[in-house]
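Participant: One-letter residues, chain by chain:
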Amino acid sequence: MTKFNISRRTFVEGGLGLTVANFLPGTMPLASAATMEESTIAAAKSAGPAAVNGMIWSPYLVPMQPVIAEFSKQTNITIGAVQDISIFDAPQRAMAEALSRSPQFDFIHIDSNMIPSLVSAGYLEPLDEYMKKANFKIDAVGDYGTFMTYGGQTYGVPTDGNVHIQYVRKDIIEDPDNKKRFADKFGKELKFPQTWEEEQTIQEFFMDPSKDLYGSANLRNRANGPTWWYMIYYSAGGFPFDDDMKPTLNTPAGQYAVDIYLKDKKYNHPEAANWGTPQQIPRIAQGHVVSTQYWDGTAKLNENPAKSKTTGKWLYGLVPGSDFSGKRMHRSISSPLAAILINKYSPRKAQAAYLALWLGSGKNSIPIVTDPVNTFNDAWAKEHMTSDAVKNAYSPAGVKAIEANFQVVAPPIYLTGYLEFQDALGKNLSEAFVGQLPAKDVLKKTEDEWTAIIRRIGQSKLKKDLVSYKALMPKRLKPA
Amino acid sequence: MTVAALSAAEAPLQASPRAVSRRRAVRRFKLSLLAPLIALFAFVLMPVLLLQLYFSVHQWTVYLGSWWDADYIGLDLFKEVLTDPRFGWAVLRSLAFATGSTVGCFVFGFLLAYLMHKPFRGQAIYYIIFILPMLTVPVVVAYTAEMMLYQSGPLNDVITRLSGIEFKPSWLSDPHLALMTVSLLEIWNWTPFSFIIMLAGLTAIPKEPIEAAEILGASKWRIFWEVQVPLLRPVILLALVLRFLEAMAEFPKTWSLFQGGPGSATETLPVYIFMTTWQYFEISKGAAMSYIVMLLMIVIVLFAIRLLRREKRSLDKMYEQTDSPKVEA
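Protein sequences, first through last, are from chains A and B. 1 is the number of the first residue of the first sequence in our numbering; add one for each residue after it. 1 is the number of the first residue of the second sequence in our numbering; add one for each residue after it.
If you are wondering where the hints come from, they were derived from the structure by calculation, not from laboratory data. C-beta atoms are modelled at their ideal positions from N, C-alpha and C, and glycine is treated no differently. Take every hint as true, because none was put in to throw you off.
Only some residues are given here: those of chain B computed to face chain A with a beta carbon under 8 Å:
(1) Val62
(2) Tyr150
(3) Gln151
(4) Leu172
(5) Pro175
(6) Gln259
(7) Gly261
(8) Pro262
(9) Tyr280
Computed spacing ranges between beta-carbons, pair by pair:
(10) B:Met148 <-> A:Lys191: 40 to 50 Å
(11) A:Lys185 <-> B:Thr160: 30 to 40 Å
(12) B:Ile128 <-> A:Asp84: 25 to 35 Å
(13) B:Asp69 <-> A:Lys307: 49 to 59 Å
(14) B:Pro85 <-> A:Pro59: 34 to 44 Å
(15) B:Leu307 <-> A:Lys307: 56 to 66 Å
(16) B:Phe167 <-> A:Asp175: 30 to 40 Å
(17) A:Gly276 <-> B:Ile125: 32 to 42 Å
(18) A:Lys309 <-> B:Met148: 15 to 25 Å
Based on the provided sequences and hints, a complete structural model is requested.
Facilitator: What follows is the structure in C-alpha cells.
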C-alpha cells in the first residue's frame, strides 16, 4: 500500500487554498457544477468496470437499454446475464434468492412493496452511502421517494411510477345530449366524478352491454383486486392496523369499501372476476369502457393513435374520493411500483447500485418513461412533469393527472409478509365477488387470516415495520 | 430319517462352485445396473426428503432467522395441515380434477386408439396429428385457451352459430365452471398419452383369441367387450394410474389461467402448496403438506401396483388355459 506523508499544516493550508479557489471567478463552475448524472458516473468509475447480472422483465429493460449503453460507454460497467422474469413472478424468485443467500443477481427489478420482506430476509443492500457518494437524490413527485425507504434507509430506485389515475370518456360525459339526459334523470350536472358514488352513477347510466360498452374496467381478479379496494378503504379514512398491529379491517370504513368494491360487478364486464390487465387494457383503449381507475401508463397507450381507438377521447384526473370519514379524502395507489434493488450478497453491488442511480435520475429516465412501444415504465420524477417528451406521450392532461394523484398516493400493505397479507385479502374479496363468500364475512375472515400471519411473522417485528408503512401514507386529504 | 439319508437328500441341492460364482456374477451385474439409481436416491433424493422432513417438524419463519435455527415443533404442522379446511378443499378439488380428466383422457384416447390400431392408408399422418397436443407446452395451451374461451370468444361463437342457440358460458370467470375448464384443457392436452398407451396395448393383443371368437360367430361388440377389454385390463390400469398421478400434480395450466381463482375455485393441491411455500413463504408448512401429499400418492401407487399384479396374475392364468389345449393336442 502506498503511504502519503502529509503534515497537519500542509493539510490545513491545502484545504484553505481549495476553499478560496472555490470562490475565485471562473473556478466556481468547476468546483460545484457537477450534475447528479456526472457525479454518478464519477462514483461508478471509482467502483471499477464490471458486467452486472440482473433479474428484470424485458418490457421494462428494453427502453432502458440506450440509457444503459451510455452508462457503459462512460464507466465500463455493462449488463451481463439477465433473467427475464415477469414482475408478477419476480417476488417469489427474489425470495428464493434471498433464502439461499445467492449472489447470482447483482440487481433485481421488482415491486417495491417487497422491500420489507426482502430486507427482513437479509437480501437488500442499503443505497444511502452510494447515493451520498454520487450526490444522488430521488427527485420524485410528492412524497413518492419515501416508497423506496424502510427502517430509515433507502433500498430502491424507482423506474416506474405506476400510480392510478382516473379515466373518464370525454366524448360521453361532454356530449350535450348525454348531459341533458343525465340532468333530467338525476337533477344534477354531469361532470368528472369526485366520489366513488358519483362515478358508479355515471358508470351505471352510460353502460350499454348491447354495444359492448361497460361502465367500469376496474380489476376484480384475485391478484389485483386489493389494489382497488385499498383506494376506497384509505379514502374512507381506514388504515388496516392499529398501533399494536391488530388488524382493523372489520370496521364501517372497511365494509363501506367492500360494498363499493362489490357494487362494481353491476357495471363491469361479466368476466371481470378473472380478468387482469391483458383483458382490460385493450378494452379501455378500444373504447368499451365509460370510466375507470387504472395505472397511468394506459394514458400513454390511449394517446398513441397507432395502438388506440380512443385517442383524444379521454379525460384524465384525480381518482374519486369519499366523504365517509366526514371529510372528503382522495387516495390513489401505486402497486406494483417497479424499482431496482441491490443484492447485499453481490460481489458487484457498488457497480449495480450506480447503474440503478444512473437509470433513476429524472433526466436519464425521460426516454425510459416515454417509450411508445414498451409502455411499462411510467412517469414519476418531478422533471418528468415538465418535460415536453413526457407531455407528448401522456398528453398534458395525463401528466397533470399523474402529478395530482402522486400527491395523494398510498401503498398497499408495506410490511414484511406483504404477499401473504395481499393474497388473503385478494382471495376473500374474489370469493365475495363471485358469490362464494357473503360480503359481510370478507373482512372478518381476512382479519382472522391476517392475525395468523402476524402471529407467525412476529407482532413486535411488524410493529417496527408499521412505522415505515405509516411514513409512506400521504398527509394531505387532496392534492394541493 | 437317518443322517445318511439326509445327506443324500441334500447332496443334489449343494451348488457347484461354478454355479455359485455365476450367481455372484449375476448379482454383481444387477448391482452395477442398480448402482446409479441407488446413488441417485442416496445423494440426491434422500437429502431432499430429509431436508423436507426437517422443515416439516421445525417452524422456520423466513424473516426471523436461518433455517438451522428454527424451533422444533414435532408434528404440530402436520396437525395444522390436516385440520386446515383450505387444504381439505384443495385435496377434494385435486381428486375431482384428476378423476375427471383421467377418465376423459382415457375415453378419448381409447376411442382414437381403437380407430387407429388396424393399419390403413395415411395412418402415420393421423398419428402425428393425434399426438400433437401432447407436444404442446402446457403454458401455451393455457394462453391459447384463454383467447378461445372468452365469453364472446371463438369457441362460444362457433357453438352458437352451429347450434342456433345462444351459448355463452363464462369458462374463465364462473367459479362453477373454472375447474371443469382446466379439466377439459387437461383432456385435450393429455389424451394423446392415453392414446399411445392404448394403441400399444391394442397392437400387442394376440390375434388368435380374436380370430377364434370370429370363427365362433361372435359379434364385434362381444369380441371387443369379452376378448379385447379383458386382455387390455393391465394396460388400461396402467394408463389410468399414470395419468391420474400426473393430473394430481397439474400446475402450469391451472396457474397460468386462474392463479387459484375466481374466488378459490381452482385452488388445487399444487396451487395451494405453491402459494403456501412461495407466496406466503411458509416453507415449513409447505414441507408438511408435501409429505402428506406424498403419502397420499404412495397409497395410490401401492394400490395400483396391487391391482396391476392381480391383473397380471389373472392374465397369466388365462394364457395358461389358452395354451394348455395346444399342449394336450
